[in-house]
Amino acid sequence: HLFWSKMSTGLPIDIKSSMKGQNYISFCRLDIDIHKNVPHVHVHEKRENKDHWHGAEIQVIIEGNWTSHRSKILHYMRQMAVITPYAEFLFRFLSDAADK
Numbered sequence: 001h002l003f004w005s006k007m008s009t010g011l012p013i014d015i016k017s018s019m020k021g022q023n024y025i026s027f028c029r030l031d032i033d034i035h036k037n038v039p040h041v042h043v044h045e046k047r048e049n050k051d052h053w054h055g056a057e058i059q060v061i062i063e064g065n066w067t068s069h070r071s072k073i074l075h076y077m078r079q080m081a082v083i084t085p086y087a088e089f090l091f092r093f094l095s096d097a098a099d100k
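Per full-length UniProt numbering, the sequence shown starts with residue 1, numbered consecutively.
Simulated from the structure, these hints should not be mistaken for lab results.
Among the hints, a few may not be true.
Unchecked claim - Distance ranges between label pairs, derived from CB positions: (1) HIS54 / PRO85: 12 to 22 Å; (2) ASN23 / THR67: 43 to 53 Å; (3) LEU90 / ASN65: 15 to 25 Å; (4) SER68 / GLY10: 34 to 44 Å; (5) PHE93 / HIS42: 35 to 45 Å.
Because the structure is a prediction, the values reported are computed rather than measured.
Ideal Cβ placement from N, Cα and C applies to all residues, glycine included.
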């Protein structure tokens with residue numbers, strides 16, 4: 001995910017996690033130099049967990065051509081769902097067609 005995101009948008013990924021009963025959420029913003037294969041941690045901090053949320057969340061922004069790659073993207077999402085049946089996926093499609 002990190003390579004795909006970095007190559008298509010240049011943006012880092014955000015990861016947050018907290019175990020049941022923890023009063024904090026671990027938050028990381030990660031990046032990678034794809035030419036040198038060197039990771040970079042922009043942010044690594046503990047955040048307040050007032051809502052007692054627990055789990056793991058990975059937020060990735062990926063750019064691509066939906067028209068030509070739709071079936072491959074959906075196939076990939078289905079594969080992820082099969083190998084991680086306990087996970088919940090939120091897929092959001094944003095079009096910039098209105099901007100053109």
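Status of each hint after checking the structure:
1. Take HIS54 and PRO85: their Cβ atoms lie about 18 Å apart, and the range 12 to 22 Å holds.
2. Between ASN23 and THR67 the beta carbon distance is about 46 Å. The supplied range of 43 to 53 Å therefore holds.
3. Between LEU90 and ASN65 the beta carbons are some 21 Å apart, a value that agrees with the proposed interval 15 to 25 Å.
4. As the Cβ distance of SER68 to GLY10 is approximately 21 Å, the hint placing it in 34 to 44 Å is violated.
5. Checking the proposed 35 to 45 Å range against PHE93 and HIS42 shows it is violated: the Cβ atoms sit about 26 Å from each other.
When held up to the earlier numbered hints, the structure conflicts with 4 and 5 and fits the remainder.
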